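S.K.: One line per chain: the protein sequences are A and B, in this order. Going by my numbering, the first residue of the first sequence is number 1, and it counts up by one from there. Going by my numbering, the first residue of the second sequence is number 1001, and it counts up by one from there.
Just so you know, these hints were derived from the structure itself, not from any lab. Being a predicted model, the structure only gives us computed values, none of them experimental. Possibly wrong hints are sitting among the right ones.
What the hints assert, rightly or not - Okay, the calculated bits of chain A under chain B, using three or more residues with CB under 8 Å as the criterion:
| # | segment |
| --- | --- |
| 1 | 4-14 |
| 2 | 45-51 |
To be verified - Covered, in the sense of this in silico footprint (three residues per stretch, anywhere, with C-beta under 8 Å from a C-beta of chain A), are these stretches of chain B:
| # | segment |
| --- | --- |
| 3 | 1293-1304 |
| 4 | 1344-1351 |
No residue lacks a Cβ here, since even glycine has one placed at the ideal position from N, Cα and C.
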Amino acid sequence: MSTTDIAGEIRAYVVGQFLAGEDTTDLTGDYDLIDSGVIDSLGLVRLLSHLTRAFDIAVDDIELTPDNFRTLDSITAVVEAHAPVRAA
Amino acid sequence: MTDDLFHLTAPWAQQLNADTRELDAAGAFPHDKWKVLQETGLLRTHFAPEFGGAGHGVTATMRALEGLGYVCHDAGLSFSASTQIVSVGVPLQRFGSQELKERHLPRIMSGEAITAHAITEESGGSDAMNLAATARRDGDHYVVSGGKMFITNAPVADLFLLYVRTGKPGPFGLTTLLVEAATPGLTAGPAMDKIGLRTSPVGTLSFDELRVPVSQRVGQEGTGFLILDHVMKREVLFGFSITLGEMTRRLEETIAYAGKRHQFGQPIGSYQAVSHKIADMKMRVETARKWLADTGVKVEAGQDASLDLAATKTIVSEANVQTALDAVQIHGGRGVLTEHGIERDLRNSIAGTIYSGTSEIQRNRIATLLGL
Ligand SMILES: Cc1cc2nc3c(=O)[nH]c(=O)nc-3n(C[C@H](O)[C@H](O)[C@H](O)COP(=O)(O)OP(=O)(O)OC[C@H]3O[C@@H](n4cnc5c(N)ncnc54)[C@H](O)[C@@H]3O)c2cc1C
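If we strip away everything but chain A, and leave its shape as in the complex, we get:
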């Protein structure tokens, strides 16, 4: 998966689960999803479950700090760092 694909998948999940029905045209990659309240504690737990399944990452491999999940960009970086390498 390319970075664009990963970022697109993550964005689709976040928008679908936490911002359904909202206008998300201004949702940038560096928008703080935690401080803004878009993702609360339950949301972060669900996002983690989703990432481990969607990208086949062992949850034990991910460093669980809120900062890693604060923005779409940081989530994408975490996934890129841990997702198994796939043939193009």
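Start from chain A and add chain B with the ligand according to the hints.
M.R.: Chain B with the ligand alone, transformed into the frame defined by chain A:
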């Protein structure tokens, strides 16, 4: 293999059930029975072999705990055992440093060190993400102030995992610290008298300039709520697997009683008013079993089980109260006499709809997940 674990504690049934009525009346933690539990190996079930554990996963451990619930009539002791497994051992195994694991996991899984976890405070338990006990950084220590309430095992515990605030309000400012009971500045209050689970001591903690080395932090600063989530999944699955075992035993005892107790020349079980109550008990027990089994598999597979956990916790705890009430009713006058232990089951069931997140909070969570 999994089925074998259901029978893990069965050989110790007699010792585990000695003097249950007297200990319940006294509200005393049964230290002698704790030693029996240590012998059974139950406390090692879920931990990694490299530290001396048996290396079983979530569902196998659930089966061992279901077996404990089935065998052991002392629900307080079983509750303390479940707390022992999940409170410190589980988070340490997943998030602790190698040094902390090596130092503490062996003594936790042997049962030599009794453990507790402290989240709830005087100001409230439901809104746990806004807990107030604070830990400020002072060089290579945290200095903790505040207090905790309703902490299972606290009056007898050697080791605590404290959930404290190191950052701003809300879930992302929480951190967990491992603290020995004998640390200056930490005071555990006496056991508080309560309606049920009376052999499982619950008490308060207070912190007065309690200094905890930074090296005793479990996980990163600010990840306390992720640790709590990891723990609560197992607390619900393990604790309520015990409940499932207890309910199964209660159902069997009630069926046997309804078959042998005669009134108006017939076994009371032949009267529809009684047999339908037992049919309802059976449906509740099996519903609980299915939810626990499905949710256990999901958690073990790392799937999103947020809604399943909330539903499982509510369904099993409420089934426990209702089946305990039904058992009292079907046992008639004997149901309320302390010598038969049926009323004890009812008293023991009450707290289950409160601890590990109340029924109301679980329903709120389900509603939120449904987009309401
Ligand atoms: C036997 C026992 C063992 C325990 N062991 C531990 C332990 O080891 N460690 C620990 O940290 N804690 C422990 N607890 C504490 C337990 O987690 C709390 O009691 C529980 O979370 C409820 O908190 P509370 O008692 O402060 O009630 P409150 O939070 O004050 O709630 C009171 C009532 O209001 C309802 N309510 C609150 N908010 C809402 C809402 N938003 N919507 C609808 N209803 C609401 C609740 O459901 C409840 O019915 C234990 C409790 C018991 C009874």
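S.K.: Hint by hint, work out which the structure violates, then give me just those numbers in ascending order.
M.R.: Numbers 1, 4 - these are the hints that the structure violates, sorted from lowest upward.
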